[in-house]
Amino acid sequence: MATPALSVCRKRRNAAVSAPMASYKSRLAADLDRWVAGGLVPPENRAAILATVPDPRRLDSSATLALLGTVLLGLSVVAFVAANWNGIPRIARFGLLIGLLVAAGAGGALAARQARPHATNALLSFAALVFAASIGLTGQIFDLAGDPRTALYTASVGAVLLGLAGRSAGAVLLSVVLFVAGDVVGADAKTIPLSLPAGAIAVWLSPRWSARSLAHAGAIATIVGLAHGLSWIEGADPRQLLMLALAATSGGLAVAAQRITSPPQRGILVGWMVVGAMFFFIMTGLFGADGPDRIVHRLAWLCGGAGLIVAGRSLGHAVMTGTGVVGLLIAVGTILMDLGLDLLTASALFGLGALLVLAVGWWLRRRAKAVP
Amino acid sequence: MMASLPLRIMLATALLAGGLCGFVFYESVQRDRGTEVQIRVQGVDPRELLTGHSVLIRFVEQRPETLVCFPGDPVHDEPAWLALKIRDGVAVPAGMAGTRESALEQGPLVVRGRFDCAPTALGDGSEEVVVDLGIKRFHAPQKEAEALEDLLRNNGAATDVRALVSIGRDGRARLKGLLIDGERLSLDWW
Numbered sequence: 001m002a003t004p005a006l007s008v009c010r011k012r013r014n015a016a017v018s019a020p021m022a023s024y025k026s027r028l029a030a031d032l033d034r035w036v037a038g039g040l041v042p043p044e045n046r047a048a049i050l051a052t053v054p055d056p057r058r059l060d061s062s063a064t065l066a067l068l069g070t071v072l073l074g075l076s077v078v079a080f081v082a083a084n085w086n087g088i089p090r091i092a093r094f095g096l097l098i099g100l101l102v103a104a105g106a107g108g109a110l111a112a113r114q115a116r117p118h119a120t121n122a123l124l125s126f127a128a129l130v131f132a133a134s135i136g137l138t139g140q141i142f143d144l145a146g147d148p149r150t151a152l153y154t155a156s157v158g159a160v161l162l163g164l165a166g167r168s169a170g171a172v173l174l175s176v177v178l179f180v181a182g183d184v185v186g187a188d189a190k191t192i193p194l195s196l197p198a199g200a201i202a203v204w205l206s207p208r209w210s211a212r213s214l215a216h217a218g219a220i221a222t223i224v225g226l227a228h229g230l231s232w233i234e235g236a237d238p239r240q241l242l243m244l245a246l247a248a249t250s251g252g253l254a255v256a257a258q259r260i261t262s263p264p265q266r267g268i269l270v271g272w273m274v275v276g277a278m279f280f281f282i283m284t285g286l287f288g289a290d291g292p293d294r295i296v297h298r299l300a301w302l303c304g305g306a307g308l309i310v311a312g313r314s315l316g317h318a319v320m321t322g323t324g325v326v327g328l329l330i331a332v333g334t335i336l337m338d339l340g341l342d343l344l345t346a347s348a349l350f351g352l353g354a355l356l357v358l359a360v361g362w363w364l365r366r367r368a369k370a371v372p
Numbered sequence: 001m002m003a004s005l006p007l008r009i010m011l012a013t014a015l016l017a018g019g020l021c022g023f024v025f026y027e028s029v030q031r032d033r034g035t036e037v038q039i040r041v042q043g044v045d046p047r048e049l050l051t052g053h054s055v056l057i058r059f060v061e062q063r064p065e066t067l068v069c070f071p072g073d074p075v076h077d078e079p080a081w082l083a084l085k086i087r088d089g090v091a092v093p094a095g096m097a098g099t100r101e102s103a104l105e106q107g108p109l110v111v112r113g114r115f116d117c118a119p120t121a122l123g124d125g126s127e128e129v130v131v132d133l134g135i136k137r138f139h140a141p142q143k144e145a146e147a148l149e150d151l152l153r154n155n156g157a158a159t160d161v162r163a164l165v166s167i168g169r170d171g172r173a174r175l176k177g178l179l180i181d182g183e184r185l186s187l188d189w190w
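Protein chains in written order, with the numbering used here: chain A, 1 to 372; chain B, 1 to 190.
Please keep in mind that the hints were generated in silico from the structure rather than gathered at the bench.
C-beta: ideal position from N, C-alpha, C; glycine also.
Careful, some of the hints might be misleading.
Taking CB as the label site, the calculated pair distances span [claimed, not checked]:
(1) ASP188(B) to ILE233(A): 43 to 51 Å
(2) ARG33(B) to VAL185(A): 26 to 34 Å
(3) GLY18(B) to SER62(A): 34 to 42 Å
(4) ARG169(B) to ILE91(A): 32 to 40 Å
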């Protein structure tokens, strides 16, 4: 016989299992019951309100098994082809790749015709992946010499073409990733970073397609593209100056991103640009800075970290706050290492920083009180 | 008038598929119509082909006395043009330059690539020339690997392995096959 304690445990476990699975409609039903009980909503409106919300789509058992069977069949085909790859004539192998690309594209077109945007996005993303893989495999099939960077850029162009043609955020995302990979592969060459325009396109499309992933990808691509500029500069001092400029640029972009009207994209871009600015600023003086330059850098680092925490709390931006916290922690550790664990000097420096921060905080509080 | 979404998708897909097919056709034409030369290959163990995997190859020659290594060309570390000349039926490096025209002044054949000089394993101060044509490996399917096995059974251990390279009008090298002790192994596409 179940004890009361065991019953409670079971109820809690069932609730924990079912809570994540509860759809919006079921949560709305629970809320409506509370509102009706509290007299906020007339009981006769409960059914009408629930009727305006469509039932969540669920896969029944047969559909689930069909999906599983399809995935297993796909894996089986892939494994069979891979096992016999070298035995298949070259032209047949190439034909398989072309066939797969065309099939994926046709599937995407069919899904678009049936107004199924998620299926369209998935199929076009798959088509972009197949095209990227086909470039490499074509080189392998026909023993063609090629430049890895050119192959990556070509795959990127194909992916962005599919993405723009079919409004597929997945294909555009893949394109940005491939452009970044191409820039990374060519990091030692003085080439124009294509991740910058790719990132800009992704950022521009993100609010229009309601695709947050594009905002993330675009922001990261922008940081990588800015960092690529280091390949153009030689010498420690010029590189330090450039990193300082990149930190300022990232900070400027973070400020500019505040003007973006769409809140999710704004938050994402501001967050990444702040992270980029902190990263570049840290790299400016982490290695090679000596004497007064190092002291200035460390002080600015402490103040910058504190400033980010304040700004992040003020704007309600968790990533900004977190970047400030992490930046401060790394700054403290770096200063301790700089001073060779000279605790007395570290104590003086942190005390000075604390006085400065407290003074600013006191001044801000006084100013806030002075405002009627 | 903007095309409908399905039509745009099919056009983009057709463009990509057509682009791939066109690229293979272009490479095929350049390969077939290019100038065929033989280049000595090092590091090929023909028995590796029997596994059907890719085989790493290096083009290595003993450095001719007339060949200047590290000529001080500012494009030494940049993509360059390699001048070749034929010696005893084998193409050997004759020089390197930044432009095709400059390379043609050093040898009758030019190909996109570069060479580097390195001391030999003998340690006697001699140098060898390692040629980079962009071809670093090739893949032999099962049929061709079996044909090579027949060759080995008939000819014993291979001592002279040469790559058959086609130099297209665009100056790029494309691998056509191998010459193993005079026996031709073609890497056919069709």
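Going through the hints against the structure:
A hinted range of 43 to 51 Å holds for the C-beta pair ASP188(B) and ILE233(A), which are about 49 Å apart. Checked against the hint of 26 to 34 Å, the C-beta distance between ARG33(B) and VAL185(A) comes to roughly 32 Å, which is consistent with it. Take GLY18(B) and SER62(A): their Cβ atoms lie about 40 Å apart, and the range 34 to 42 Å holds. Between ARG169(B) and ILE91(A) the CB atoms are about 23 Å apart, so this pair departs from the stated range of 32 to 40 Å.
The structure is inconsistent with hint 4 alone, although it conforms to all the rest.
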